[in-house]
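*Asks:* The primary structure of each chain is shown beneath.
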Amino acid sequence: MLILEALGRPGLHPVDLTLAAGERAVVMGPSGAGKSLLLRAIADLDPNDGEVILDGTRRATLPAPLWRRRVGYLAAEPGWWSDRPRDHLPDTRETHGMCDALALPAAIMDRPVARLSTGERQRLALIRLLLNGPRVLLLDEPTSGLDPESTARVEALLDARRADGAITLMVSHDPAQAARLATRRLTIRDGRLETAA
Amino acid sequence: MTYIVLDYVDIALAALLLLINAGLSMSLHLGIGRRLLIASLRMVVQLSLIGLVLEQLFALVSPWATGGAALVMVLFAGREIAARQTHRFTGWWTHGLGTGSMMAAGALVTLLALSTAIRADPWYDPRYALPLFGMILGNAMTGVSLGLERLLAGARRERSAIEARLSLGGTRWEAFRPVLRDALRAGLMPIVNTMSATGVVALPGMMTGQILAGVPPVEAVKYQFLIMFLIAGAVGLGTFAATLGGVLRLTDERHRLRLDRLRDAAPGDR
Numbered sequence: 627m628l629i630l631e632a633l634g635r636p637g638l639h640p641v642d643l644t645l646a647a648g649e650r651a652v653v654m655g656p657s658g659a660g661k662s663l664l665l666r667a668i669a670d671l672d673p674n675d676g677e678v679i680l681d682g683t684r685r686a687t688l689p690a691p692l693w694r695r696r697v698g699y700l701a702a703e704p705g706w707w708s709d710r711p712r713d714h715l716p717d718t719r720e721t722h723g724m725c726d727a728l729a730l731p732a733a734i735m736d737r738p739v740a741r742l743s744t745g746e747r748q749r750l751a752l753i754r755l756l757l758n759g760p761r762v763l764l765l766d767e768p769t770s771g772l773d774p775e776s777t778a779r780v781e782a783l784l785d786a787r788r789a790d791g792a793i794t795l796m797v798s799h800d801p802a803q804a805a806r807l808a809t810r811r812l813t814i815r816d817g818r819l820e821t822a823a
Numbered sequence: 359m360t361y362i363v364l365d366y367v368d369i370a371l372a373a374l375l376l377l378i379n380a381g382l383s384m385s386l387h388l389g390i391g392r393r394l395l396i397a398s399l400r401m402v403v404q405l406s407l408i409g410l411v412l413e414q415l416f417a418l419v420s421p422w423a424t425g426g427a428a429l430v431m432v433l434f435a436g437r438e439i440a441a442r443q444t445h446r447f448t449g450w451w452t453h454g455l456g457t458g459s460m461m462a463a464g465a466l467v468t469l470l471a472l473s474t475a476i477r478a479d480p481w482y483d484p485r486y487a488l489p490l491f492g493m494i495l496g497n498a499m500t501g502v503s504l505g506l507e508r509l510l511a512g513a514r515r516e517r518s519a520i521e522a523r524l525s526l527g528g529t530r531w532e533a534f535r536p537v538l539r540d541a542l543r544a545g546l547m548p549i550v551n552t553m554s555a556t557g558v559v560a561l562p563g564m565m566t567g568q569i570l571a572g573v574p575p576v577e578a579v580k581y582q583f584l585i586m587f588l589i590a591g592a593v594g595l596g597t598f599a600a601t602l603g604g605v606l607r608l609t610d611e612r613h614r615l616r617l618d619r620l621r622d623a624a625p626g627d628r
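Read top to bottom, the protein sequences are chains A and B. Taking our numbering, I'd label the letters of the first sequence as residues 627 to 823. Taking our numbering, I'd label the letters of the second sequence as residues 359 to 628.
So that you can see chain B by itself, here it is in the shape it has in the complex:
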């Protein structure tokens, strides 16, 4: 495979483009010059670190190290889900539900791909497992977080409609059907939009990367199909699990609406 190795002069040249931004910011008094600088520094540091970490992991090829890295990714993503909610569950459900469903969906789909399509050897080879898991997890995170946000806000807003259904003898599932449908739709919408715009508006990052690395476009496209289907599957499963679990938590076995298990996000939660 042929790919062009970058030297640091090339990168420095590209970084000079930032100076144009900085100049614009200064001449127009946008006041974001400082934040721009910090953001680009953060990017450089974070990516350098992850490059070093990946290099180590790839050299190790240990199931424990790969699993540990995957777990750290899950915890970061779970924290992100909780941070995006304006309404939260009480207790450990705040983090547990979103993280749990995202992890279950992400792990299931990644293992499926590793054991069938990719057939990495060994199956936990971090070169395949981690990037795949990362792409799947990132999208599942968005779906789960949007779905949960919509579900919890809907439960509060539609309280009287839900209770009307319950008090007429409806089950908790009947009572929650409109809110649940809305939440599932919200969770799935980004991936639906991505799939319909992909290739027309922008080339997916992974495909671009493979093409730059010398893979024939048709082969790169096949890979992209696989990834998109995996992502869509994980988003669907994760959002489904999180919102169904959310309905179970928002109700009890006597089919009562339990808004007492919700609280508002405090400013310090973010």
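Isolated chain A, as found in the complex:
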């Protein structure tokens, strides 16, 4: 269970929220309303107030790197610290399995990141995150650059994680996707969280 207690930061009014294991909240709202700020605050990437508790463990009691292994954040435009995907992803069966599942060819590992399409980078970054085995997934528009078929593959992969009990908070601008995936729909406007039906 993930509990947010008065989690706030500049640009985001304090948020109280509880998500049970396997829940998938889809966060919607206009651009600049504070959706990414909420995800970043949960991952503790910016200075913030309030408390976050995961499965009974208070965030402050864990070293930040350990917290972020359990609470994984995927940026809308993920960063790369080296030229080749190979340097970001271990050469394991698990990696290859997920690449297959997301229709990424094996040769992609040696292509320069800068020459990959937005959608290819998004999928690789998602795999990179999932390899950490996070309990909570904070996904900032994970399918914004993808065609419908790739989107369906990503959603299937996320469904499998959810079945394992992963908690998901996902930003999306696509109402149809929200309808497909959300167990809970949240809206953020002007830095305030509003819970929708």
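One or more of the hints may lead you astray.
[Said to hold, decoys possible] Derived contacts from chain A toward chain B, CB cut-off under 7 Å, selection only: (1) Ala669; (2) Arg694; (3) Ala702; (4) Pro704; (5) Trp706.
Bear in mind the hints are in silico, worked out from the structure with no lab data behind them. Note that the Cβ used here is the ideal one computed from N, Cα and C, for glycine as well.
Please build the complex by placing chain B on the supplied structure of chain A, with the hints as guidance.
*Replies:* Frame of chain A; chain B shown alone:
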């Protein structure tokens, strides 16, 4: 020791060479005649003053006076470091980090040299302490300023890569490793280049000076070895301290990237 004392006629003769430059500037309309004149006047005034100051300090041989002069040198060098940055820390870190690490490295290495190799008596004798400190400080200043500039620019440029590492559970040191390595390399590069070119392209100033003052070349070379090693040590230590301190300031104890502690240099800062 034998050295040839210059009289003012000799110097005036050399200064006449400037007239050739001025003539060139006028005939080719380079427009730098005025700046050339001002620059040479500044040099004459500044060096005359420093000559008088050193003469006084050498006569005094007081630890306080020597320390005070060293502090003034540090403050000037620190100001120079801050002036060369396009990105700056907020608050007193702007000057504090660069000046602090340069001073610590410079002082440590100078004291080491004064207490071991040089064995000046007393150890604070300004005749040894100040020129040594000056050479070491000047090079540490270059290293620290290049290293910090590269670190701060890298933090901005590589923001998404650094945050990607952090959000996957990397520590701030893991996240900063490529940027930090780049910054350290930038800081050390000038001294590496100097060491590999020295003696082939140019004779170091200090060695030349000693030879002109009548020191046998082999002895002057030994001195130059010592100085180069001291300088390289101080550059390494200073750059290391400044960039590691910079990473600590650019992140916090929760391993977050804190670019809010950076600002752009305003035009008035220079």
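*Asks:* State for each hint whether it applies.
*Replies:* Status of each hint after checking the structure:
The interface hint given for Ala669 of chain A holds, since its Cβ lies 6 Å from the closest Cβ of chain B, which is under the 7 Å cut-off. Interface hint status for Arg694 of chain A: upheld, as the beta-carbon distance to the closest one in chain B is roughly 5 Å, under 7 Å. Using the Cβ-Cβ criterion of 7 Å, the hint placing Ala702 of chain A at the interface with chain B is not satisfied: the shortest such distance is roughly 10 Å. Annotation: interface hint on Pro704 of chain A holds; nearest CB of chain B at approximately 6 Å, less than 7 Å.
Given hint, Trp706 of chain A at the interface with chain B, holds; its Cβ is 6 Å from that chain's nearest Cβ, closer than 7 Å.
Of the hints listed earlier, the one the structure fails to meet is number 3.
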